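Peer 1: Chains as they are written, first to last, in my numbering: chain D, 167 to 714; chain C, 23 to 386.
Wrong hints could be hidden among the right ones.
If you want the footprint, here are the derived chain C segments under chain D, 3+ residues with CB under 8 Å [claimed, not checked]:
| hint | stretch |
| --- | --- |
| 1 | 169-178 |
| 2 | 192-198 |
| 3 | 312-324 |
| 4 | 366-377 |
In case anyone wonders, no lab produced these hints; they're calculated from the structure. These numbers come from a predicted model, not from an experiment. From the three backbone atoms N, C-alpha and C, an ideal C-beta is built for every residue, glycine too.
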Amino acid sequence: MTLFNPTRCQALLALLMLVFSLAAHSDPQPAPQPWLDALDTLKQGSMPEREKAIMQLADIKDAHNLAILQALLDSKLFITKTDARLVIGTDNHQGFDLSDAVSGASLGAVGHDALTKINLTNKMRGTLRKIIGELELSADDPKVRLAAVKAMAKEADEKAISLLRERAGQEQDEAVREAIKVALLLQDMDSEDKAVRIMAIEGLKAYDSQEAANRLNAMLEKDENGEYSEPDADVRNLAKASLTNINNRLQLYGSIETIFFGLSLGAVLVLSAIGLAITFGVMGVINMAHGELMMLGAYTTYVIQQLMPNYLGVSVIIAIPAAFVISALAGIAIERGIIRFLYGRPLETLLATFGVSLILQQSVRSIFSPLNRSVATPEWMSGSWQINDFLSLTWNRFYILVFCLLVFVLLLQILKRTSLGLEVRAVAQNRKMAKAMGIPTARVDAMTFGLGSGIAGVAGVALSQITNVGPNLGQAYIVDSFMVVVFGGVGNLLGTLVAGFSLGIANKFLEPFAGAVLAKILVLVFIILFIQKRPRGLFPQKGRAADS
Amino acid sequence: MKLLTLATQDKTCATVLMVLAAVTFIIPLCNLLTPADSPLHFSAYTVSLVGKYLTFALLGMSLDLVWGYCGILALGHGAFFALGGYAMGMYLMRQIGTRGVYGDPLLPDFMVFLNWKELPWYWFGFDNFGFAMLMVVLAPGALAFVFGWLAFRSRVTGVYLSIITQALTYALLLAFFRNEMGFGGNNGLTDFKDILGFNIQSENVRSVLFFLSGLALIIAFLLCRWITNTKLGRVVTAIRDQESRVRFLGYRVEMFKLWIFVFAAMLAGVAGALYVPQVGIINPSEFTPLNSLEIVVWVAMGGRGTLYGAIIGAVVVNFSKTVLTGLMPDAWLFILGGLFVVITVLLPDGIVGLMRRNIRSKQA
Chain D
167 MTLFNPTRCQ
177 ALLALLMLVF
187 SLAAHSDPQP
197 APQPWLDALD
207 TLKQGSMPER
217 EKAIMQLADI
227 KDAHNLAILQ
237 ALLDSKLFIT
247 KTDARLVIGT
257 DNHQGFDLSD
267 AVSGASLGAV
277 GHDALTKINL
287 TNKMRGTLRK
297 IIGELELSAD
307 DPKVRLAAVK
317 AMAKEADEKA
327 ISLLRERAGQ
337 EQDEAVREAI
347 KVALLLQDMD
357 SEDKAVRIMA
367 IEGLKAYDSQ
377 EAANRLNAML
387 EKDENGEYSE
397 PDADVRNLAK
407 ASLTNINNRL
417 QLYGSIETIF
427 FGLSLGAVLV
437 LSAIGLAITF
447 GVMGVINMAH
457 GELMMLGAYT
467 TYVIQQLMPN
477 YLGVSVIIAI
487 PAAFVISALA
497 GIAIERGIIR
507 FLYGRPLETL
517 LATFGVSLIL
527 QQSVRSIFSP
537 LNRSVATPEW
547 MSGSWQINDF
557 LSLTWNRFYI
567 LVFCLLVFVL
577 LLQILKRTSL
587 GLEVRAVAQN
597 RKMAKAMGIP
607 TARVDAMTFG
617 LGSGIAGVAG
627 VALSQITNVG
637 PNLGQAYIVD
647 SFMVVVFGGV
657 GNLLGTLVAG
667 FSLGIANKFL
677 EPFAGAVLAK
687 ILVLVFIILF
697 IQKRPRGLFP
707 QKGRAADS
Chain C
23 MKLLTLATQD
33 KTCATVLMVL
43 AAVTFIIPLC
53 NLLTPADSPL
63 HFSAYTVSLV
73 GKYLTFALLG
83 MSLDLVWGYC
93 GILALGHGAF
103 FALGGYAMGM
113 YLMRQIGTRG
123 VYGDPLLPDF
133 MVFLNWKELP
143 WYWFGFDNFG
153 FAMLMVVLAP
163 GALAFVFGWL
173 AFRSRVTGVY
183 LSIITQALTY
193 ALLLAFFRNE
203 MGFGGNNGLT
213 DFKDILGFNI
223 QSENVRSVLF
233 FLSGLALIIA
243 FLLCRWITNT
253 KLGRVVTAIR
263 DQESRVRFLG
273 YRVEMFKLWI
283 FVFAAMLAGV
293 AGALYVPQVG
303 IINPSEFTPL
313 NSLEIVVWVA
323 MGGRGTLYGA
333 IIGAVVVNFS
343 KTVLTGLMPD
353 AWLFILGGLF
363 VVITVLLPDG
373 IVGLMRRNIR
383 SKQA
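Isolated chain D, as found in the complex (with noise of 0.2 Å):
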């Protein structure tokens, strides 16, 4: 994790393309002389006027226009009283923060009562719709190209589908060209000619598109007298199979998605119980302060944050050596000062770390405030991936997923090719022949619990992007960490990656028929009659290392 790791070099990237687009955006361009005239026109009062003015600004193709004619729709557009100025006002609940609507330059806030509105007719507002995804349309971006073709086949008239269909022609985005075909052919839907209709029906089959969905389902829906909506049978037989079909491939794509909520879960739960294996599986304590382990780290994540405002992306990508860092010291400190006075004594370590990590809770509570903080998100990590119209995962639990895998080949590294990693194996096989062998023990010990403890730090990192951040985090994960580690059988890492992923999956199967907490309490209770069928869990320790 040094300073040039290229995550953060693509953050940073990343973050100054968006300056230099801030900048772009803001930059005076020189205004033809049509358009100002046009946006002078609009202040005029009278109605007719306006939608002159609005007409002649329909033909004027670019990104600024663009954005007037959207603050006019979105009523967002004003005239200050004082100098007649057209500018564009974002509500910030006090006032209006202003920007000119010509330049673009920021012009500060103002009271509510300093501005005029611009007042529209429905009629108006109608027109302005189409004419922004006319000018959407063909904007560069593909992305708000395929957002106007999915506006424009909600509302579609023959002047939209003629669009539609002369764009087809040229469209060279994919996704764009298949919303226009999928926008055409719902169109088609309503044809008088049920040849077309069958067309229609037969080519929405393979598209997953809501829209599609709902008309198809519309079809078969008698009114109120009783009468199909669609007269003739062998179309809504049709519409009957290309609905089977799509809904097919719905519940294919809501069992995905619940797979995905499960594995985003599972990565939170072997996150979290991962450290936890370590120091219980190698070393045989049980570390109750774990859970306030993993809370340090999303307090460091939350205390970076608090000193780089400026600059969220990267301040997470920071706190994760700093948060592996803060968390091994403190299970350095609780290793050396309280636990190894205790080997050999498991119940009595299970107390004095429960009473560390009240301890640990009541710091912060004091030092924080007992109240939940909220840690940013940064931008590449919020948002989702909008697969298609009805799967779509979201993208700090995709990372948090990434992220979990990685840290768990990364552990298996440590433990395999380092030399402490095989030092640590050596303790955790056979303690008295180890040290015999000349191996350090105490030393062993002390480094195998800060690695542990670092690691709930980093989990305490990917914890703070998806649950507030408070003195109670740890104590939320704690009882499921452990059940994760026990489940998976102790003193074994590929135990705990499958029993993480498994409990986290069957937890949301189950949580649509039985809601949330229901779906936890059989979780629970199946991991307690589990452990009663195979009392060291899904991969036990063979050997003589299972004896101790």
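Starting from the known structure of chain D, fit chain C onto it as the hints suggest.
Peer 2: Okay, now just chain C, sitting in the frame of chain D:
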């Protein structure tokens, strides 16, 4: 008589018993016989506070039986206490009758609020005091029996057992938080009016409840003392020290463990039932794992494996909790946490161990 001779063999034990008896008889008597402005009269607050300590002492002692004598560190003992409390709470709820906010003769307020039409089946019978008292011991006992039977038979021991007992109370916590369970959700059961026809708020009833708590503690103490001195008790202690050896000697270890575990759970249930009318509320927070861990601290603090140590520990820790949370609310968790650490590292035998060491060094 044999019980008493057993109890008086050990000096500390006899002292504790005498103090207990004195407290049990004097406080209620003072309250019943003296007028409210007399210096011998204890305030209602003090009576219910000390009464609460007595129920905690009973709870601590029941844990000492499983942990101190049988070596099972149960981190879910609070669940049995809470179950007993809920059984009592359900009886008290049914006694409210039409005096609730909604005035429904049958349904408690929260059920009316949830728009329930009839009483769930598991609420039937709780208007009968005898049945409710039976459930106070049977509900925790049954849970302990099922759980213990499964766990001990499959030889789940040590930290594994500790963790799954913790999971048990955590699962119950989640369950009782659910409104659909029919136990009042996170508000729990409260607003009690009567117990056996007497106003639960009145001073006399409080004194009687206090007396009963003390009496229950004394009886339970003598009973536990007796159990630990029978053959069963000795086998149990042997299990704590060398489980496999006892098994190889031909004893059915799991049965002994189960017996003691169920008995302790029932005692905890009684403690819960005495606790609820004195504090006037029972809610799911009694199930939190932290509560169960606090019980462990009482026992560790007092000195485990002595029974009276648990009583001393429960009273000392709870008394300091009352005082300290009043004086400096933020410091309590620091102190509780510190106690955990200091006791386990420096004072493995607790206060009783410390006293014994002092006596021994004086004698030497």
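Peer 1: Does each hint fit the structure? Answer for all of them.
Peer 2: Okay, the hints, checked on the actual structure:
1. A stretch counts as covered by a chain when three or more of its residues have a beta carbon under 8 Å from one of that chain; for the stretch 169-178 of chain C and chain D the count is 7, and the coverage holds.
2. Counting residues of the stretch 192-198 of chain C whose CB falls under 8 Å from any CB of chain D gives 4; the rule of at least 3 is met.
3. Against chain D, the stretch 312-324 of chain C contributes 5 residues with a C-beta closer than 8 Å to a partner C-beta. That satisfies the three-residue criterion, and the hint holds.
4. Given as covered by chain D, the stretch 366-377 of chain C passes the check, having 3 residues with a CB less than 8 Å from a CB of that chain where 3 are the minimum.
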